[in-house]
Amino acid sequence: MVIPALDGSAEPDSGRGGDATADEAAGASAARPLPVIELSGVSYTYTGEADPVLRDISLQVRDGEFVLILGPSGCGKSTLMLLLNGTVPHAMKGKLEGEAVVCGKKVADTQVAEFATDIGMVFQDPEAQIVNTNVRDEVSFGLENLCRPVDEILARQAEALAIVGLADAGDRSIFDLSGGQKQRVSIAAALAARPRLLVLDEPTANLDPAGMAEVFAVLERLNRELGTTIILVEHRVDELADKISRVVMMDRGRVVFDGSPREAFAARREGRSEEGEPIPTSAWFPQVAEFALGLAEARGAPLAPDALPLNVAEAIAHGERAIAAGGAVRAIAPAAADARPAANPKPLLAIRNLRFGYERAVPILRGIDLDLGSHAIVALMGRNGSGKTTLACTLMGINPPPKGAILLNGKDLAGLGPKEISVEIGYVFQNPDHQFVTDRIDDEIAYGLRVRDYAEDAIERIVAEVLGIVDLAAYRHRSPFSLSLGERRRLSVATMLVLEPHLLVLDEPTIGQDYERARQLMGLMVRLRERFGTTVIMITHDVRLVAEWADRVLVLSEGRLAFDGAPDDLFADAPLLAEAGLLPPPVFEVSAALARRYPGRVPSATLSLHQLVHWIAAEGGS
Amino acid sequence: MARSTVFRFRSGDSILHRLDPVTRLIWVLCVSLLAFGAYIAWVQIAIAVAVLIAAIALGRISPVEIFRGTWIFLAAVASFFVIQTITLPGTHVAFRLIGHPIYVESADYALASALRIYTIILASLVFVRTTDPRRLAISLVTQLRIPYRIAYAFFIALRIVPTIEEEIKAIRAAQMVRGVASERGVGGRIRDTKRYAMPLLVGSLRRASTMVMSMEARAFGAYPDRTFLDVPRMGFGARLFCAAMLALVVAWYTALALGYVHAIYVFAPN
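Respectively, the protein sequence lines represent chains X and U.
The numbering used here puts the first residue of the first sequence at 1, with every later residue one more than the last.
The numbering used here puts the first residue of the second sequence at 1, with every later residue one more than the last.
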């Protein structure tokens, strides 16, 4: 139950953050909490599939735990979540083997509705899972279905909304809420039935950093103060690492690690992608853990799990201890000089006092001035609704550009048709499926060339080359819709790069996919920049992505350009970050704090983990 | 991303918003029946004006929004009016257009036909704009005794229309970026539809699957009945209004059947 804590029966802080972890606390506790989930040798194969998606999983979760499930796309995380309330195997049919007992009920014998008071489910897409049009109706929905009396429904609905911090929002329309608020409503809708277990499958994947922080704050409070058991699939570990009590890592249907967060992130691991390729799991590691691992490697000493930092404060303390401990045992190479090519000053795109709104009374872009040259990776950031996508759509001519406001290679964009614009500018949409227009992968890549009347032999040559670049040559005769999400993303990029555009817009490359996929995509962007001099504009909320790849950052705030400069300068500007709802990457915060205290060792704040490790570890060694 | 369509529920506190959905439904049906049965232009003008006043005064829908929501239909019915006026026979010639006689009776009949269509569209706009689909579904269950699973299926169909509209816009924009231009003719339309259909189908199935999982996880359909909070009720005034509307429809059709209604022309001499 969520509410037992209100009458004092919940465990106190079970050890997130600080030095005590939940399993340590649990070990010290005399009475062990009751098991909520008991899986023993569970395998699951969807009907019509040859291979099981879950393989021999054994897992026990007890009351009050906060478990983070990590793993690459396609590893079976979502199926495991759906197994917990019986959606698998009762709604999504297949063959279930082994013993699965949740909240004391055998999953194989219990219908989904019978779990409604035991388990609250929250899914990734806030738009798709909200049934009603009003906040109060949505939160009451489950209790109405359970035929509870009106008075009880009203009381529990008010209680659930108060827990998620939306006590005054009951009468609001769902359509007027931000993404973070919508997910809090979904959590309240799950909590209204007072479930014993809350299951969330990537609840912040579609949210901006402000929305993500809202959701994580609610989850932390639920677990710490109310003792709710939480199982969460997420990729955003930086913000979660010190809130969770346990980490379960999955790979190709199996549990490959199960332990405390410090144990989980104290050693590097390797996983496999949906396509079966080996990938490093560092992407799912908190950056502060990466920092400690980097320092340990530089010093040639193994890192004890209990010394691993899980948040910025612990990482600063870890860095201070390392500085106090003296020089490195072995020197590491200094960070490579910035290999990013200098942007070409000749303007590719010139924007002058750009104003745009879908309705005259509601301007979205309010006078933007901007020059972009070639050979650059530019991040476009800002809160949801700040005008990022509207600006990108105006560049593409999807929104009619005002006359004289946008010059592309010196030509007024308002005078160019869609075909002419698409030769110069490519746009990779957030959802790759929207862009597919043919039934075969090679036809899909050839489409843009055929529209522009290329000769067939030239088309064949270019298609073969591009298929090689995006690593899809083996599937050329298959339907685009039969590919995995990562492959569909690559195909979507391929359909754009075949035209060798001078400017490529990438809409939210990390949404709905794991960091490793985003890295692959960004690797492709770098190759484009180097090979064709392409300028890439990526619309993103992901500060780690920006820190790692962007040459320049633009921040929009309420339709105006609030910042245009280098990533380091952006993350040093705290008021601007607050205005744009952004958080600096942990390495920047750690290095900034160390630079203030030890300017002789850490000369400045940096976005490069490698650089920071080098500064700290290099004394006397390099 | 883009401007929102006018044909969509907007919450509000107007007199029409406060009415229960079944009363509004009866109002739309009665207005439609009256419009269908009226071949006299003056009567159509009276009905259209009454609906317009209801929209502006009782539903608080601004004239600008009404125009934005119905201009395309206005253009269509205007063309309809012109074509019928030119082609229908009559007795009194108003004027000649390149030698072709234009009759005043034709203009009267064409005006009535055109306004009939527009009135029904306008009444539908008022209904959609002021009726929360969920309250309508609840009314269907509690007032009209329709099974709640069916009523919710109807509600969800209405609920996801804006989402599908947004998805179609996104697909159109995404395909425009590929250099795809809309094709002309029936064959072109079919090819256009095929290109949109697959991404739309894939996206809709994905959303529908999440919504079903979200509903089942909250025990939807587990019991034959369910509790409803805030059940809309038809008050005394609303009952009286519905009775009056129904009486008006019955009276009008009875008068028509008994031959009491005589044409009063707008353009033609009476």
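Be aware that a few hints might be false.
Covered stretches of chain X (in silico footprint by chain U; criterion: 3 or more residues with CB under 8 Å from a CB of chain U, positions within the stretch not fixed) [as the list claims (entries may be wrong)]:
| id | segment |
| --- | --- |
| 1 | 137-146 |
| 2 | 222-233 |
| 3 | 432-440 |
Calculated from the structure, these hints are not laboratory results.
Fair warning: this is a prediction, and the values are worked out from it, not measured in the lab.
Every residue gets a Cβ at the ideal spot worked out from N, C-alpha and C, and that includes glycine.
We went through each hint and held it up to the structure:
no., hint, result
1, 137-146, "holds (count 8)"
2, 222-233, "violated (count 0)"
3, 432-440, "holds (count 5)"
In summary, the structure is inconsistent with hint 2 from the numbered list given earlier, while agreeing with all the others.
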